[in-house]
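Enquirer: Sequence:
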Amino acid sequence: VQFLPDDSVFETTEFKTKFFMNQLKEYAFLTAGIKFELIDHKTDQHYTYYFEGGIKTYLKSLNRNKELLHPSVFYVNKEIDGVNVEVVVQYNDSYSENVLCFANHLKNSEGGSHLTGFRAALTRTINDYAKKSGTVKEDDALSGDDLKEGLTAIVSVKLESETLQFEGQTKEKLGNSNVRPAVETAVKDALEIFLEENPKDARAIIEKNMLAMKARIAAKAARDTVIRKSVLEGGGVLPGKLADCTTKDPAKAELFIVEGDSAGGTAKQARERQFQAVLPVFGKILNTERTRLDKVVNSDKLKNLIIAVGAGIGDKYNPEKLRYHKLIIMADADVDGEHIMALNLTLFYRHLTELVTNGHVYVAVPPLYKATWGKNKKYLFDDSERQQFLKSPEGKNAIIQRFKGLGEMNADELWETTMNPQTRKLKRVTVEDANEADKVFSMLMGEEVAPRKRFIQTHAKQANVDL
Numbered sequence: 001v002q003f004l005p006d007d008s009v010f011e012t013t014e015f016k017t018k019f020f021m022n023q024l025k026e027y028a029f030l031t032a033g034i035k036f037e038l039i040d041h042k043t044d045q046h047y048t049y050y051f052e053g054g055i056k057t058y059l060k061s062l063n064r065n066k067e068l069l070h071p072s073v074f075y076v077n078k079e080i081d082g083v084n085v086e087v088v089v090q091y092n093d094s095y096s097e098n099v100l101c102f103a104n105h106l107k108n109s110e111g112g113s114h115l116t117g118f119r120a121a122l123t124r125t126i127n128d129y130a131k132k133s134g135t136v137k138e139d140d141a142l143s144g145d146d147l148k149e150g151l152t153a154i155v156s157v158k159l160e161s162e163t164l165q166f167e168g169q170t171k172e173k174l175g176n177s178n179v180r181p182a183v184e185t186a187v188k189d190a191l192e193i194f195l196e197e198n199p200k201d202a203r204a205i206i207e208k209n210m211l212a213m214k215a216r217i218a219a220k221a222a223r224d225t226v227i228r229k230s231v232l233e234g235g236g237v238l239p240g241k242l243a244d245c246t247t248k249d250p251a252k253a254e255l256f257i258v259e260g261d262s263a264g265g266t267a268k269q270a271r272e273r274q275f276q277a278v279l280p281v282f283g284k285i286l287n288t289e290r291t292r293l294d295k296v297v298n299s300d301k302l303k304n305l306i307i308a309v310g311a312g313i314g315d316k317y318n319p320e321k322l323r324y325h326k327l328i329i330m331a332d333a334d335v336d337g338e339h340i341m342a343l344n345l346t347l348f349y350r351h352l353t354e355l356v357t358n359g360h361v362y363v364a365v366p367p368l369y370k371a372t373w374g375k376n377k378k379y380l381f382d383d384s385e386r387q388q389f390l391k392s393p394e395g396k397n398a399i400i401q402r403f404k405g406l407g408e409m410n411a412d413e414l415w416e417t418t419m420n421p422q423t424r425k426l427k428r429v430t431v432e433d434a435n436e437a438d439k440v441f442s443m444l445m446g447e448e449v450a451p452r453k454r455f456i457q458t459h460a461k462q463a464n465v466d467l
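Residue numbering for the sequence shown follows UniProt numbering, starting at 1 and increasing by one per position.
Don't read these hints as lab results, they were simulated from the structure. No residue lacks a Cβ here, since even glycine has one placed at the ideal position from N, Cα and C. Possibly wrong hints are sitting among the right ones.
[What the hints assert, rightly or not] The calculated label-pair distances, taken between Cβ atoms and stated as ranges, are:
1. Asp44 x Lys321: 51 to 61 Å
2. Thr246 x Arg203: 54 to 64 Å
3. Ser133 x Glu354: 29 to 39 Å
Can you build the whole structure from these sequences, using the hints too?
Expert: Written out as structure tokens, the structure is:
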């Protein structure tokens with residue numbers, strides 16, 4: 001099959017090689033033993049994708065850089081009523097889940113009937129086993145949410161293509177009603193056997209589920225406290241250090257999250273009060289990569305941020321109550337500032353994911369240098385701009401000032417360079433590949449040292465370290 005895009009129909013006729021690389025790699029994972037080859041005639045590069053283990057190998061890739069909770073892998077491949085069901089599951093010791101769903105190799109990011117069947121089987125079977133073994137009391141029950149912590153799973157179904165039904169035009173949610181019972185039966189029958197044959201692994205899984213249940217109960221109590229303090233939920237007060245804006249239109253409102261009272265004070269002076277709010281956060285916040293929700297909402301710094309944002313957290317997250325459509329992390333351009341930025345991004349990605357996926361999280365880009373000559377000035381945002389400027393006629397006689405931190409700028413400079421919508425530079429935080437993002441956060445912010453060390457050694461020359 002050959003395909004040549006028509007430029008009268010498509011906005012672009014150029015394709016990114018990376019897109020095809022990711023797509024073919026995924027196909028190879030989903031079809032064990034089938035080889036896929038990609039040839040890029042522009043660069044004469046050849047890429048081959050072949051995985052004998054199929055989705056088992058895919059699961060191993062997803063769990064890389066994570067500490068496994070149990071060595072054995074649950075796997076089932078069974079056909080029921082014309083639906084081929086292939087599922088693989090393994091828990092790790094993290095507090096987030098990663099479940100991928102596919103129908104005829106099409107990724108269904110919103111899940112659908114196969115995901116519903118999988119969750120129903122998982123919840124019912126683990127509860128039955130836990131009560132039978134005496135681990136969980138008869139009157140208690142693990143919820144579906146309790147089973148999500150550390151869960152990595154791939155749910156792949158195949159059926160006659162002409163029978164496929166999707167909700168919406170994007171094919172991101174499977175709608176076939178006959179798929180749910182097929183997946184539920186296949187997973188339930190096989191999982192019962194797996195738990196009986198692997199009692200040590202079963203105990204490890206259920207113990208983690210029970211810890212999640214206890215944390216959920218504790219988090220609910222702590223979260224209710226946060227909600228009671230939120231002006232949007234019960235007439236409480238906003239954090240005392242928050243300098244709020246006057247507009248009540250969230251689409252126009254911006255919240256600058258700034259480290260320290262010094263920079264926060266300057267930002268409060270520099271801001272446009274009508275639509276810009278400033279929340280100073282003194283010191284580094286909690287690393288939430290491996291932190292349960294109850295500890296998140298009990299942290300004073302994070303609690304203030306959650307209240308200020310207004311949309312809640314966890315299963316109480318409500319995008320309709322978001323108070324600002326732009327959440328801007330503003331940190332110094334040094335090692336500490338980069339670490340603070342990473343900690344904030346970890347919080348948003350792990351516990352307020354929708355803020356990231358819906359495009360509400362931004363990173364401010366303050367300049368590194370200020371060049372002055374005569375009555376003229378120019379802000380330079382990186383070393384390459386500085387080098388280029390020094391070669392210009394103006395640069396030969398200019399005085400270059402290095403900004404060590406946001407606190408060194410006066411209010412006018414901070415407004416002009418970092419806060420003025422007409423002149424500032426903002427980077428919107430996006431997630432093109434959720435699996436890759438998950439791996440990076442686990443590697444950089446998790447407990448495993450070796451993967452992080454390898455990453456640092458590999459990318460050391462790319463770092464702009466200013467101690």
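Enquirer: Indicate, hint by hint, whether the structure satisfies it.
Expert: Each hint tested on the structure:
Checked against the given bound of 51 to 61 Å, the beta carbons of Asp44 and Lys321, roughly 54 Å apart, stay inside it. With their beta carbons about 57 Å apart, Thr246 and Arg203 fall inside the hinted range of 54 to 64 Å. Checking the proposed 29 to 39 Å range against Ser133 and Glu354 shows it holds: the Cβ atoms sit about 37 Å from each other.
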